[in-house]
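Asker: Model the full structure from these sequences, guided by the hints.
Numbering (my numbering), first residue to last: 6 to 705.
Please note that a few of the clues may not be correct.
[Claimed, not checked] Below, simulated DSS-like cross-link-like pairs (lysine-lysine); rule was C-alpha separation at most 30 Å, straight line:
(1) 516 with 495
(2) 64 with 52
(3) 52 with 83
(4) 620 with 531
(5) 503 with 660
(6) 524 with 660
(7) 135 with 52
(8) 524 with 495
(9) 516 with 532
(10) 404 with 374
(11) 503 with 532
(12) 620 with 64
(13) 503 with 531
(14) 532 with 620
(15) 412 with 374
(16) 235 with 261
(17) 135 with 64
(18) 620 with 52
(19) 524 with 620
(20) 261 with 135
(21) 229 with 64
(22) 495 with 531
(23) 261 with 83
(24) 348 with 374
(25) 660 with 495
(26) 52 with 261
(27) 531 with 516
(28) 532 with 83
(29) 52 with 229
(30) 531 with 83
(31) 83 with 64
(32) 516 with 660
(33) 620 with 83
(34) 509 with 524
(35) 509 with 532
(36) 412 with 340
[To be verified] DEER-style ranges, computed between Cβ atoms:
(37) 651 with 229: 50 to 60 Å
(38) 527 with 313: 48 to 58 Å
(39) 14 with 352: 53 to 63 Å
(40) 495 with 384: 44 to 54 Å
Source of the hints: derived by calculation from the structure; they are not laboratory data.
Just so you know, even glycine gets a beta-carbon here, dropped at the ideal spot from N, CA and C.
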Amino acid sequence: GHEDFRPRIVPYYRDPNKPYKKVLRTRYIQTELGFHERLFVAVLTSKATLNTLAVAVNKTVAHHFPRLLYFTGLRSAKVPHGMVLVAHGDERPIWLMYETMHYIHQHFGSDYDWFYIMQDDTYAQAEQVKALVTHLSINQDVYLGRAEEFIGGDEQARYCHGGFGYLISRSLLLKLHPHLDSCRNEILSVRPDEWLGRCIIDFLGITCVSQLQGQHYHTYELAKNTEPEKEEEEEFQAALAVHPISDMTLMYRLHKRPGWEMDWTSEKVVGISTHSLFAQMQIRNLTSLTPAGEAGLTWPVGINAPFLPKSRFEVISWDYFTEQHLFSCPDGSPKCELSGASKADVSEIIESALEQLNSRYQPLLRFSKRQLLNGYRRFDPTRGMEYTLDLLLEAVTQKGHSHVLAKRVSLVRPLSKVEIIPMPYVTEATRVQLVLPLTVQDLDFVANFLDMFAMNTLDTHDNALLTLLFIYHPYDAQRVSQVDVFAGVKAMVGELEKRYAEVKIPWISVKTEVPSQVKLMDIVSKKHPVDTLFFLASVWTEINMEFLNLCRMNTISSWQVFFPVHFQEFNPALVYRGEQAASSSTDFLRDGHFDRHSFAEACFYNSDYMMARTKLAADILDRDEVLESMEVFDVFLHYSGLHLFRAVEPGLVQKYALRSCNPRLSEELYHRCVLSNLEGLASRSHLAMALFEQEQANST
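Answerer: Here it is as structure tokens:
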């Protein structure tokens with residue numbers, strides 16, 4: 006019983022007589038080490054209550070649980086938004102329970118330690134349920150809930166009442182699963198919770214308990230016409246689950262009941278504060294034993310030390326602000342008005358500084374703010390947002406004497422716990438449909454685009470297709486039978502199709518004076534299946550396999566669209582001024598910029614575009630002229646409800662070219678195009694050097 010377990014290195018040996026087998030490793034180390042998630046919650050609902058009570062559960066407590074699924078026999082025609090529903094196809098209660106337990110074991114049995122099963126007419130205190138499982142040992146077979154006697158059964162046997170929810174451990178679920186079929190065929194019962202309880206007792210010999218390992222499962226049975234706001238009984242205050250909930254309104258009233266959530270939250274905050282103070286005291290005591298000694302103690306205690314730059318290029322600059330203005334603006338201007346989230350941030354940090362000062366010096370002194378003299382803030386990626394405030398304060402003593410003084414305070418808004426956001430799984434094998442709109446002004450750049458497409462996709466057999474969109478001016482469209490302005494491009498496409506026999510590059514011809522991105526995408530969308538992954542490109546885009554994979558990975562159907570910010574090279578005539586271009590990667594990044602004014606490239610699924618486009622059509626009715634002032638980005642931003650992933654992409658590079666800006670488009674789109682051209686000329690240092698050389702030449 007006191008054996009000392011010590012790690013032992015097992016030498017690797019491979020039998021030369023046996024064929025070599027490649028070892029398959031898991032995707033995540035957590036899977037390989039056998040770690041499990043803590044809690045899975047199953048909510049039993051029905052077709053009749055899916056859009057009422059189940060929705061109320063989803064809006065009140067669902068977001069407090071790490072994973073929650075709804076199980077029903079039959080589903081309604083429309084499933085409420087944001088709910089993961091599993092329908093078994095049969096409304097019989099025993100069948101629903103049997104199928105639910107089988108489904109949980111099959112899909113989640115190896116991933117979670119605890120399984121909490123509740124009905125949609127139950128209100129559960131989510132935080133208390135999560136706290137309960139943290140105090141229970143996972144090595145025991147646990148069947149915990151409100152223990153009830155069987156009618157006419159053994160006095161010692163108990164089942165867990167389904168209306169108040171019950172907790173099942175993973176070990177119990179694994180032992181129970183082989184007997185589910187026998188229970189379905191041999192045990193007769195009207196109530197599903199009784200059926201499950203009898204199954205566990207008959208085959209495993211385990212009865213339901215209301216307390217275990219010092220933890221109590223408190224419940225409260227709600228009487229008819231109860232006013233939850235006026236309920237003061239101790240049992241109600243301590244209840245982990247309340248049942249029955251007759252309607253949605255009662256569920257919301259319970260959730261919003263003054264004092265209930267507040268009491269639990271306040272108790273939790275006090276516990277966290279006490280634990281934090283104890284941890285800080287331990288850190289102070291242990292710091293003296295470290296090699297750095299007391300000098301190694303960081304402020305605030307327990308927060309990471311500030312980032313130490315290794316060179317002047319890594320120094321994090323401070324942003325200066327006052328209560329009215331910010332002197333480091335997003336658009337590059339030297340001064341802008343403090344508003345929105347920044348204003349709220351400054352107000353909150355000043356209030357916090359005063360609160361900390363008063364808590365430290367009261368009752369001897371009471372401080373009030375006269376003025377913010379200076380404010381500085383910077384974001385340190387190792388610890389959070391740092392602030393330094395110079396405050397003009399009025400200090401009042403207990404006797405009423407006042408004195409004005411200036412005080413410098415430092416504050417830190419630390420980074421909270423980092424969490425991995427669950428995202429749907431995507432694969433790199435998805436076919437990408439490239440869409441390339443072309444105007445007459447783009448003809449000089451088409452040859453380079455097609456060469457890069459052939460080299461990086463056709464030669465490598467990447468799963469990507471190309472569709473060309475020829476945009477004819479009405480004048481050119483009338484003369485197309487005599488002179489086709491796109492004849493040269495069509496000839497190049499024909500050569501590609503001859504070289505790659507299995508490749509077909511279709512084109513679509515459009516006649517318009519105003520090439521609206523949305524109108525063009527409407528035409529393309531109708532000619533492709535709904536599950537098509539589009540990559541909307543520009544003629545200056547250099548296609549490569551790396552970006553196509555990023556397009557696949559960053560675009561998730563019904564979840565996320567991807568709008569990359571390409572890297573735009575500067576005008577070589579201004580940057581190099583006759584010298585040879587540098588070839589190193591650092592110089593490459595220096596000789597250009599990320600063009601945040603361009604939204605020409607986009608990756609999205611056709612189904613997502615069609616859904617957003619339908620909402621847009623209902624909003625604008627027949628006012629098609631509105632589309633001329635919009636881009637595809639605007640459609641997704643205002644009408645999709647999806648995540649818009651907008652990020653710089655170094656792998657998407659464009660050579661310098663002076664874009665032609667169509668004055669027929671909206672003022673905003675035209676202004677963005679002009680700004681893109683101007684900022685794409687060169688950096689400020691390059692422009693300054695060019696002006697200096699020009700002035701030198703003029704003076705001589």
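Asker: Are the hints correct? Go through all of them and say.
Answerer: Status of each hint after checking the structure:
1. 516 with 495: The hint holds at about 17 Å.
2. 64 with 52: holds, 18 Å
3. 52 with 83: holds, 11 Å
4. 620 with 531: Distance ~16 Å between residue 620 and residue 531 Cα, so the pair holds.
5. 503 with 660: Holds. Residue 503 to residue 660 sits at ~28 Å (cutoff 30 Å).
6. 524 with 660: Cα-Cα ~27 Å, so holds.
7. 135 with 52: holds, 28 Å
8. 524 with 495: holds, 23 Å
9. 516 with 532: Since the Cα atoms of residue 516 and residue 532 sit roughly 17 Å apart, the hinted pair holds (cutoff 30 Å).
10. 404 with 374: With Cα atoms ~19 Å apart, residue 404 and residue 374 stay inside 30 Å; holds.
11. 503 with 532: Cα-Cα ~24 Å, so holds.
12. 620 with 64: Judged against 30 Å, a Cα distance of about 25 Å means the pair holds.
13. 503 with 531: Given pair residue 503, residue 531 holds - Cα atoms ~28 Å apart, limit 30 Å.
14. 532 with 620: holds, 20 Å
15. 412 with 374: Satisfied, since the Cα-Cα distance of roughly 10 Å is no more than 30 Å.
16. 235 with 261: holds, 13 Å
17. 135 with 64: holds, 18 Å
18. 620 with 52: holds, 28 Å
19. 524 with 620: holds, 15 Å
20. 261 with 135: holds, 20 Å
21. 229 with 64: holds, 23 Å
22. 495 with 531: Between residue 495 and residue 531 the Cα gap is close to 23 Å, so the pair holds against 30 Å.
23. 261 with 83: holds, 28 Å
24. 348 with 374: holds, 17 Å
25. 660 with 495: Given pair residue 660, residue 495 holds - Cα atoms ~23 Å apart, limit 30 Å.
26. 52 with 261: This hinted pair holds, its Cα atoms lying about 26 Å apart.
27. 531 with 516: holds, 17 Å
28. 532 with 83: holds, 28 Å
29. 52 with 229: Roughly 24 Å separates the two Cα atoms, so the pair holds.
30. 531 with 83: Between residue 531 and residue 83 the Cα gap is close to 26 Å, so the pair holds against 30 Å.
31. 83 with 64: holds, 17 Å
32. 516 with 660: This hinted pair holds, its Cα atoms lying about 28 Å apart.
33. 620 with 83: holds, 18 Å
34. 509 with 524: Holds, at roughly 24 Å.
35. 509 with 532: The hint holds at about 15 Å.
36. 412 with 340: Holds: residue 412 and residue 340 sit about 25 Å apart, inside 30 Å.
37. 651 with 229: 50 to 60 Å: At roughly 53 Å between Cβ atoms, residue 229 and residue 651 fall inside 50 to 60 Å, so the hint holds.
38. 527 with 313: 48 to 58 Å: Taking Cβ atoms as reference, residue 527 and residue 313 lie about 54 Å apart, which means the hint holds.
39. 14 with 352: 53 to 63 Å: holds, 59 Å
40. 495 with 384: 44 to 54 Å: holds, 52 Å
In this structure, none of the earlier numbered hints is contradicted; all agree with it.
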